[in-house]
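Chains as they are written, first to last, in my numbering: chain A, 1 to 132; chain B, 1 to 482.
Treat the hints as calculated values from the structure; they're not laboratory data. Treat the hints with caution; some may be incorrect.
[To be verified] What follows is a list of derived Cβ distance ranges for each label pair:
{"hint": "1", "chain 1": "B", "residue 1": "G342", "chain 2": "A", "residue 2": "G88", "range": "46 to 54 Å"}
{"hint": "2", "chain 1": "A", "residue 1": "P55", "chain 2": "B", "residue 2": "Q228", "range": "26 to 34 Å"}
{"hint": "3", "chain 1": "A", "residue 1": "T52", "chain 2": "B", "residue 2": "D183", "range": "51 to 59 Å"}
{"hint": "4", "chain 1": "B", "residue 1": "D181", "chain 2": "A", "residue 2": "D80", "range": "37 to 45 Å"}
{"hint": "5", "chain 1": "A", "residue 1": "K116", "chain 2": "B", "residue 2": "D456", "range": "37 to 45 Å"}
{"hint": "6", "chain 1": "B", "residue 1": "E145", "chain 2": "A", "residue 2": "T52", "range": "50 to 58 Å"}
{"hint": "7", "chain 1": "A", "residue 1": "E5", "chain 2": "B", "residue 2": "R115", "range": "14 to 22 Å"}
{"hint": "8", "chain 1": "B", "residue 1": "E165", "chain 2": "A", "residue 2": "R48", "range": "45 to 53 Å"}
{"hint": "9", "chain 1": "A", "residue 1": "E5", "chain 2": "B", "residue 2": "R21", "range": "24 to 32 Å"}
{"hint": "10", "chain 1": "A", "residue 1": "K116", "chain 2": "B", "residue 2": "A169", "range": "13 to 21 Å"}
{"hint": "11", "chain 1": "A", "residue 1": "E122", "chain 2": "B", "residue 2": "E145", "range": "51 to 59 Å"}
[To be verified] Covered by chain A, per the in silico footprint, the following chain B stretches (three or more residues, Cβ under 8 Å):
{"hint": "12", "region": "72-82"}
{"hint": "13", "region": "267-280"}
{"hint": "14", "region": "289-297"}
We put the beta carbon where it would ideally sit given N, CA and C, even for glycine.
So the chains spell out like this:
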Amino acid sequence: MGFEEISHTADWSARIWAPDLPSLFKEAARAMNALSGTVAGNGPRVSRAFETEGPDQESLLVAFLSELVYYQEQENLTFDDFDLRVAGQWLKVAMEGAQIESVDKAIKAVTYHNLKIQRNAEGFETTIVFDV
Amino acid sequence: MNIDNLIQISETEWEIPTYIRSDMRVPVKLFATRELLEQIINDKSLEQAINAATLPGLVGHVIVMPDMHQGYGFPIGGVAATEYPHGVISPGAIGYDINCGVRLLASSIDFESARNDLDGLATLLNKYCPSGVGKQGALKLNMKELDQVLRDGSRWALKNGYATEADLARTEESGSLEGADPDKVSERAKTRGREQIGSVGAGNHFIEVDVVDQIFNEEAASVMGLYQGCLVLQIHCGSRGLGHQVCTDYVQSFQNAVRKYGIDLPDRELVCAPMDSPEGKAYMAAMRAAANFAFANRQLLAHSARRAFEETFAPKTRNWHLHQVYDIAHNMGKLETHEIEGKEMTVCVHRKGATRAFGPGSPGLPAEYQKIGQPVIIPGSMGTASWVLVGTQDSMRRSLGSSCHGAGRVMSRSKAKKEVQGDSLRRELEMRGIRVRAGSLPGLAEEAPSAYKDVDMVVETVSDAGIAKKVARLKPVAVIKG
Chain A
1 MGFEEISHTA
11 DWSARIWAPD
21 LPSLFKEAAR
31 AMNALSGTVA
41 GNGPRVSRAF
51 ETEGPDQESL
61 LVAFLSELVY
71 YQEQENLTFD
81 DFDLRVAGQW
91 LKVAMEGAQI
101 ESVDKAIKAV
111 TYHNLKIQRN
121 AEGFETTIVF
131 DV
Chain B
1 MNIDNLIQIS
11 ETEWEIPTYI
21 RSDMRVPVKL
31 FATRELLEQI
41 INDKSLEQAI
51 NAATLPGLVG
61 HVIVMPDMHQ
71 GYGFPIGGVA
81 ATEYPHGVIS
91 PGAIGYDINC
101 GVRLLASSID
111 FESARNDLDG
121 LATLLNKYCP
131 SGVGKQGALK
141 LNMKELDQVL
151 RDGSRWALKN
161 GYATEADLAR
171 TEESGSLEGA
181 DPDKVSERAK
191 TRGREQIGSV
201 GAGNHFIEVD
211 VVDQIFNEEA
221 ASVMGLYQGC
231 LVLQIHCGSR
241 GLGHQVCTDY
251 VQSFQNAVRK
261 YGIDLPDREL
271 VCAPMDSPEG
281 KAYMAAMRAA
291 ANFAFANRQL
301 LAHSARRAFE
311 ETFAPKTRNW
321 HLHQVYDIAH
331 NMGKLETHEI
341 EGKEMTVCVH
351 RKGATRAFGP
361 GSPGLPAEYQ
371 KIGQPVIIPG
381 SMGTASWVLV
391 GTQDSMRRSL
401 GSSCHGAGRV
411 MSRSKAKKEV
421 QGDSLRRELE
431 MRGIRVRAGS
441 LPGLAEEAPS
451 AYKDVDMVVE
461 TVSDAGIAKK
471 VARLKPVAVI
481 KG
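Using the sequences and the hints, build the whole thing.
Below is the structure:
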């Protein structure tokens, strides 16, 4: 399980891999926080939950990460603990995090650019481009 | 992609023919010198232009500018027209920052006499024009007021004392797109926008004070009120979180629309819907509402910048005023009439990182610009020159009335961060007489001049190609960034 930044001229891109789909989603959230230089504060823990449907796994991943972009910008929250269930075209997430202490650079949006979740011998892999 | 795959039309024009890939509906036309093309070919932007050439309902060419670079889905620096009403509209071909654009305001304040006041001016601009990640703007609107902004754009600002009639006359579409529908904008998008109006944001957005360094077209410069050695101000920003959310919402919902309409695309970020479909109409109305938000946002920032200029210069000179030169979008989808392959037709021109550049006599230009053509504002990379150009008759014939929008990136953000230290860059800029107010040093590093192409080379290319003419070159003296 892990991620690496992929060179992109205008935006940010990360390749992410994990043994199962929920872990891939969580690792994608970790990659997003790392790229944007998001640092959580030491304040009280907060929790949020949401569920969504989409035509496929890729759309669920974009919806999940877009939710995190929204909370970061609107409520200054970052999350690092996820109870995440993916089943077919359905996603349910309960997450815990904290107020953000600092951010180097904001992510505006999560794109579908060449987005494909691929299954391989080790589990799942994908590459995401973030608009910054 | 290999340069040998391109057909060279002239020193500054190239074509990628449709036989390069079987799913291309139209050819790609590229404005670039060989030197710029050799930079462009290093990333995936030409592949993205070919992907864009597969959109249903395209007419003419997909056109790409010399500042083009890799984006997501549609390349940055791209222009594409789809036939109205059956052709498609694609949110990804307009971008997340709907109506990201530039406003230029000019003064008759002489740089030499103002030199000692520029530090104070930069501090006041930084105070009155909030910038940075998620920063709140100058106003907090209630939902009813926000709906008025979405419907009326700069007209709302005029009604509320933040604009003049002259500002609106010198704004693309008078700062207010018809057909905007706030009901097509999600509550989430409105929530993001409600507190951000009147703010610059982060990324490559900025407020910059420049001095008019060189004039190339005396007549056009005089009409615009640009005088050598005088201060001007640029505002570069867009529709903030509201626009980002509108695009996110519709790219998500269009994932189903392409299935419904049987549209097959090489990249899901290019998802689209016919303009005459319920989905297409809804996005068009929401996109126009976000564009109106951006026009009002830049208008509020201009109002705040005027306050900073007044406090700095009014005690010293009667001529402290900032008057608007023009405000122009570079991420937008617009219904326009163009002659394409000998036939006049109404098309939706998608411009993503490309500027409208209408020539003399074009509809919608204020009376004083009818003779000279529409001002085209080209911000350079931080610390380098910016340019003011005008659109030409050639741009109407050859580039869908469009030109470049900036220098264009050439280095990835990750490489820029590795090679450039934000604090040393700030020192270097200040040594060169450029005052810097920046919220994020890593953010500053990503926008280092070395990460961009040579803006002078980009401008020479569009000028040599004839799709814009040079009017004035601007030199930065103060930069305010998030």
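How the hints compare with the structure:
1. B:G342 <-> A:G88: 46 to 54 Å: 52 Å Cβ-Cβ, so the 46 to 54 Å window holds.
2. A:P55 <-> B:Q228: 26 to 34 Å: violated (58 Å)
3. A:T52 <-> B:D183: 51 to 59 Å: violated (22 Å)
4. B:D181 <-> A:D80: 37 to 45 Å: About 39 Å separates the Cβ atoms of B:D181 and A:D80, which means 37 to 45 Å holds.
5. A:K116 <-> B:D456: 37 to 45 Å: The hinted range 37 to 45 Å holds for A:K116 and B:D456, with Cβ atoms some 40 Å apart.
6. B:E145 <-> A:T52: 50 to 58 Å: For A:T52 against B:E145, whose Cβ atoms are near 30 Å apart, the range 50 to 58 Å is violated.
7. A:E5 <-> B:R115: 14 to 22 Å: violated (42 Å)
8. B:E165 <-> A:R48: 45 to 53 Å: holds (46 Å)
9. A:E5 <-> B:R21: 24 to 32 Å: holds (29 Å)
10. A:K116 <-> B:A169: 13 to 21 Å: For A:K116 and B:A169 the Cβ distance comes to about 48 Å; the hint is violated.
11. A:E122 <-> B:E145: 51 to 59 Å: Cβ of A:E122 to Cβ of B:E145: about 53 Å, so the range 51 to 59 Å holds.
12. 72-82: holds (count 3)
13. 267-280: Held - the region 267-280 of chain B has 4 residues with a Cβ nearer than 8 Å to chain A, which meets the minimum of three.
14. 289-297: violated (count 0)
Violated hints, listed in ascending order, are 2, 3, 6, 7, 10, 14; each of the other numbered hints is respected by the structure.
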